[in-house]
Amino acid sequence: MQRRNPQLNKNGELIHLLSTEGLSREILTQILDTAANFVSVSSRDVKKVPLLRGKSVFNLFFENSTRTRTTFEIAATRLSADVINLDIARSSTAKGESLLDTIANLSAMAADIFVVRHSESGAPYLISQHVAPHVHVVNAGDGRHAHPTQGLLDMYTIRHYKKDFTQLSVAIVGDVLHSRVARSDIHALTTLGCPDVRVVGPRTLVPSDLSHMGVRVCHTLEEGIKDCDVVITLRLQNERMSGALLPSSQEYFKSFGLTPERLRWAKDDAIVMHPGPINRGVEIDSAVVDGPQSVILPQVTYGIAVRMAVMGIVAGNEA
Amino acid sequence: MQRRNPQLNKNGELIHLLSTEGLSREILTQILDTAANFVSVSSRDVKKVPLLRGKSVFNLFFENSTRTRTTFEIAATRLSADVINLDIARSSTAKGESLLDTIANLSAMAADIFVVRHSESGAPYLISQHVAPHVHVVNAGDGRHAHPTQGLLDMYTIRHYKKDFTQLSVAIVGDVLHSRVARSDIHALTTLGCPDVRVVGPRTLVPSDLSHMGVRVCHTLEEGIKDCDVVITLRLQNERMSGALLPSSQEYFKSFGLTPERLRWAKDDAIVMHPGPINRGVEIDSAVVDGPQSVILPQVTYGIAVRMAVMGIVAGNEA
Amino acid sequence: MQRRNPQLNKNGELIHLLSTEGLSREILTQILDTAANFVSVSSRDVKKVPLLRGKSVFNLFFENSTRTRTTFEIAATRLSADVINLDIARSSTAKGESLLDTIANLSAMAADIFVVRHSESGAPYLISQHVAPHVHVVNAGDGRHAHPTQGLLDMYTIRHYKKDFTQLSVAIVGDVLHSRVARSDIHALTTLGCPDVRVVGPRTLVPSDLSHMGVRVCHTLEEGIKDCDVVITLRLQNERMSGALLPSSQEYFKSFGLTPERLRWAKDDAIVMHPGPINRGVEIDSAVVDGPQSVILPQVTYGIAVRMAVMGIVAGNEA
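Protein chains in written order, with numbering that gives the first Met the number 0: chain A, 0 to 318; chain B, 0 to 318; chain C, 0 to 318.
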């Protein structure tokens with residue numbers, strides 16, 4: 000199919016954020032540059048700009064995630080938008096209404112932005128194909144597919160500390176196979192010109208065929224983070240720790256847990272990132288989380304600015 | 000009892016909205032005219048007016064309804080009010096506190112408007128009799144009794160498309176017996192001068208004694224919607240579809256489901272309405288929902304404006 | 000340990016409100032005087048002041064309490080702050096994240112105030128020791144330890160009706176042993192110079208060793224409220240009413256329930272208070288709740304002003 004990118008209007012401007020895949024370096028850079036302007040807003044005495052005043056942002060969380068919902072709520076509020084939180088899981092879908100009828104109904108209330116979290120990959124795309132032209136869709140995580148604002152805040156953090164993507168080695172460590180964060184990071188890193196992206200973990204979580212994404216697959220931590228500039232540790236989902244994929248969380252930590260000693264394999268000034276919430280002592284040692292190379296809390300801070308940038312940009316472009 | 004209408008102050012002005020029953024044509028028309036002014040607000044770039052700035056609207060939902068709660072939250076927000084959502088079901092009533100103590104307590108927080116949803120018929124009336132004079136009560140649906148803002152948005156929609164109530168035939172199809180929407184529609188339609196209101200459905204859901212409400216009772220769809228200007232389809236509650244009242248939802252659709260073919264019994268320019276959420280293929284065929292005569296989504300849009308009008312009017316009148 | 004009071008900065012100004020214990024008469028009086036200025040705000044047409052405009056207040060309720068959460072939400076909204084409600088019980092802590100990681104994460108979103116409710120005594124203190132310097136912590140009730148805004152609104156109410164603490168007799172009746180409200184009241188009353196504070200109840204709920212708090216222990220209601228100026232009745236928790244501590248709620252009412260007849264033991268102009276929610280007919284008779292000496296609803300009204308004062312004061316002081 001030779002279709003237009005569903006995230007862009009006919010002028011090539013961003014109208015929905017569904018995935019970092021398929022976005023140009025220019026668009027990604029526009030988002031990061033806009034976010035840079037918003038970082039200062041959250042440190043002001045009055046943490047607000049009037050950009051989205053009188054706009055209605057709907058948080059449509061079909062899957063519960065208080066943390067992510069909160070970051071979008073804060074970002075929208077700081078843009079002066081009105082925010083409506085919809086705990087969709089408990090709501091009309093339970094009455095047998097279809098997803099698209101729910102969406103049509105909410106669109107008719109004159110929504111401007113839908114922030115969508117869904118356990119099914121592709122749900123935000125489906126929604127973006129059916130909303131009225133005045134509505135913009137922002138994916139807040141869909142199944143194993145994508146978590147583009149997490150990917151973008153990771154790019155913002157890397158650019159803040161390392162400036163130039165074209166000279167970097169970045170390692171993504173953990174359950175890459177099931178991670179929408181890893182997928183969004185990989186697409187953004189390769190588009191932004193990062194020449195060396197490695198995915199690191201046991202064969203059950205990092206199969207060799209991931210190399211088709213333009214990354215190097217490593218099955219030992221030493222090889223994976225050797226001389227890296229950036230180490231992104233992923234959260235190990237508890238549900239993977241029993242059964243066929245992993246023997247146990249202690250076993251995982253023994254081979255892939257990031258300790259201060261192992262971190263020395265990376266460059267001296269390497270930064271350590273994590274999307275949260277952290278399992279201390281499983282994928283990462285407490286001494287690393289709280290250590291001088293950790294930029295985990297700055298990631299959270301930049302995440303607000305990146306979400307402000309995304310909402311500000313899409314709301315400013317017409318379908 | 001020769002009591003004053005509990006919805007009006009001694010000057011005959013609306014201070015609570017509890018039911019469309021007992022409201023004069025003048026009051027109903029005032030609400031619809033005010034709503035007409037607010038329809039444009041939701042299509043503006045900045046979707047806000049300062050009418051209720053600094054007022055506190057409490058959404059008191061003793062019965063869960065995310066959809067209705069959302070419409071009131073949006074309406075209040077667009078009037079610049081502050082909205083507090085109270086999930087009362089999980090709250091102080093669970094600690095054994097009485098309804099009236101909860102209400103007295105919330106009144107003492109200097110509330111301006113209580114939007115009340117309750118499974119018991121009459122609860123909003125009871126509350127309106129006990130609130131402090133500065134508090135206005137808006138019924139957001141009580142038991143089988145009334146859903147006056149739904150009734151009013153239905154009137155707004157009919158007036159928008161058909162202009163003059165005094166020439167219209169309106170059919171209400173479905174579980175009229177248990178429907179607070181039907182009841183609110185019937186009272187509003189007869190007050191507004193509609194000469195031909197029909198209620199349509201099987202005898203178990205539309206008993207003959209409904210005719211005391213000034214409506215014609217019809218037990219076949221053809222008779223019911225013949226030459227109608229407006230067809231209002233009601234949601235068939237799942238809990239009615241098993242047991243004594245109805246053989247099955249397929250059986251219901253066979254006799255009363257609104258299909259494109261059957262819709263031809265009505266006038267060519269008849270409009271089709273539904274309060275939502277829709278059971279496609281039960282009370283109404285998808286082709287009708289999405290067809291040219293459907294005004295189901297405009298109903299939702301007008302519903303915001305009608306709720307803005309109701310809250311703006313009651314808050315402006317003194318007890 | 001000779002540590003600085005954790006609620007004060009090095010200039011002795013209030014930066015967190017954790018307990019009424021350890022606060023000077025000057026600080027308590029500053030809060031009550033500031034609240035007096037805010038009482039009028041809630042009776043204005045536009046119930047808002049811009050004091051916290053653009054500030055972010057996070058309601059962190061690790062224990063559910065819709066009523067208390069609502070009072071803080073209203074207070075923050077009337078100061079023009081942006082409020083984020085976090086139902087922490089259902090959220091990231093459920094994913095195994097530690098309390099301090101959750102707090103660090105939320106701090107990084109540029110929070111200004113955390114309002115904390117927790118079932119564990121000391122949790123707000125622990126949080127206040129770990130937040131970034133720009134964050135202020137307000138205790139909204141922790142275990143059996145403290146409920147300082149309830150204590151302060153009780154002081155506001157007493158001062159409003161009785162003016163001078165140094166001439167008063169105050170009785171606190173009920174389950175003093177398990178009550179964070181009683182503890183906060185006692186500390187505030189003694190600091191404000193109240194010469195006669197009595198705690199009243201059966202030996203199982205009011206043990207003799209409470210006298211170390213500077214109060215008189217009374218085991219009969221007559222002795223306890225004899226010639227009192229103020230009677231504070233506490234809610235009897237249902238979970239205490241079975242088993243070892245109490246024979247039954249009827250038995251409790253027979254001995255300690257406050258009836259109009261028994262209230263005559265107190266001074267003629269004594270006021271009756273209750274923190275809510277009320278168990279009518281258990282700790283207090285309906286005729287007293289609704290009677291002329293009851294100031295239970297004014298307590299609620301003053302509670303909003305006191306919470307506005309506390310948030311306004313702490314947000315204005317630097318760590």
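There may be inaccurate statements among the hints.
20 Å max Cα-Cα, derived SDA-like pairs, lysine to any residue [to be verified]:
no.	chain 1	residue 1	chain 2	residue 2
1	B	Lys46	A	Asp268
2	A	Lys46	C	Pro49
3	B	Lys46	A	Ala286
4	B	Lys46	A	Arg52
5	C	Lys225	C	Asn237
6	A	Lys46	C	Asn8
7	A	Lys47	C	Val48
8	B	Lys47	A	Arg158
9	B	Lys46	A	Lys266
10	B	Lys47	A	Ala286
11	C	Lys47	B	Ala107
12	C	Lys161	C	Thr28
13	C	Lys46	B	Arg261
14	B	Lys46	A	His133
15	A	Lys46	C	Ala107
16	B	Lys266	B	Val130
17	C	Lys47	B	Lys162
18	C	Lys47	B	Leu50
19	C	Lys47	B	Ser79
20	A	Lys47	B	Arg52
21	B	Lys47	C	Arg215
22	C	Lys225	C	Ser168
23	A	Lys266	A	Ala286
24	C	Lys46	B	Lys266
25	B	Lys162	B	Pro291
26	C	Lys47	B	Arg52
Bear in mind the hints are in silico, worked out from the structure with no lab data behind them.
The structure presented is a predicted model; accordingly, all values stated were derived computationally and were not measured.
Pair hint lysine 225 (chain C) and asparagine 237 (chain C), alpha-carbon separation not exceeding 20 Å:
violated, 27 Å
20 Å limit on alpha-carbon distance, applied to hinted pair lysine 47 (chain B) and arginine 215 (chain C)
violated, 57 Å
Decide if the proposed pair is consistent with the structure: lysine 46 (chain B) and histidine 133 (chain A), CA atoms, cutoff 20 Å inclusive.
Within the cut-off at roughly 13 Å; holds.
Straight-line Cα separation of lysine 46 (chain A) and proline 49 (chain C) no greater than 20 Å?
OK: lysine 46 (chain A) and proline 49 (chain C) at ~13 Å, within 20 Å.
CA of lysine 162 (chain B) to CA of proline 291 (chain B), is that 20 Å or under?
Holds, at roughly 19 Å.
Given the hinted pair lysine 47 (chain A) and arginine 52 (chain B), is their Cα-Cα distance within 20 Å?
holds, 18 Å
Taking only the CA atoms, is the gap from lysine 47 (chain B) to alanine 286 (chain A) under or equal to 20 Å?
violated, 50 Å
Against the 20 Å threshold, does the CA-CA distance of lysine 47 (chain C) and arginine 52 (chain B) hold or violate the hint?
holds, 9 Å
Decide if the proposed pair is consistent with the structure: lysine 47 (chain B) and arginine 158 (chain A), CA atoms, cutoff 20 Å inclusive.
Answer violated: lysine 47 (chain B) to arginine 158 (chain A) is near 38 Å, above 20 Å.
Could you grab the alpha-carbon distance between lysine 46 (chain C) and arginine 261 (chain B) and see if it respects the 20 Å cut-off?
violated, 55 Å
Distance restraint between lysine 266 (chain A) and alanine 286 (chain A), which requires alpha-carbon spacing of 20 Å or less:
Cα-Cα ~17 Å, so holds.
Does valine 130 (chain B) sit within 20 Å of lysine 266 (chain B), going by the straight-line distance between their CA atoms?
violated, 47 Å
Of the numbered hints stated above, those contradicted by the structure are hints 1, 3, 5, 6, 8, 9, 10, 13, 16, 17, 21 and 24, listed in ascending order.
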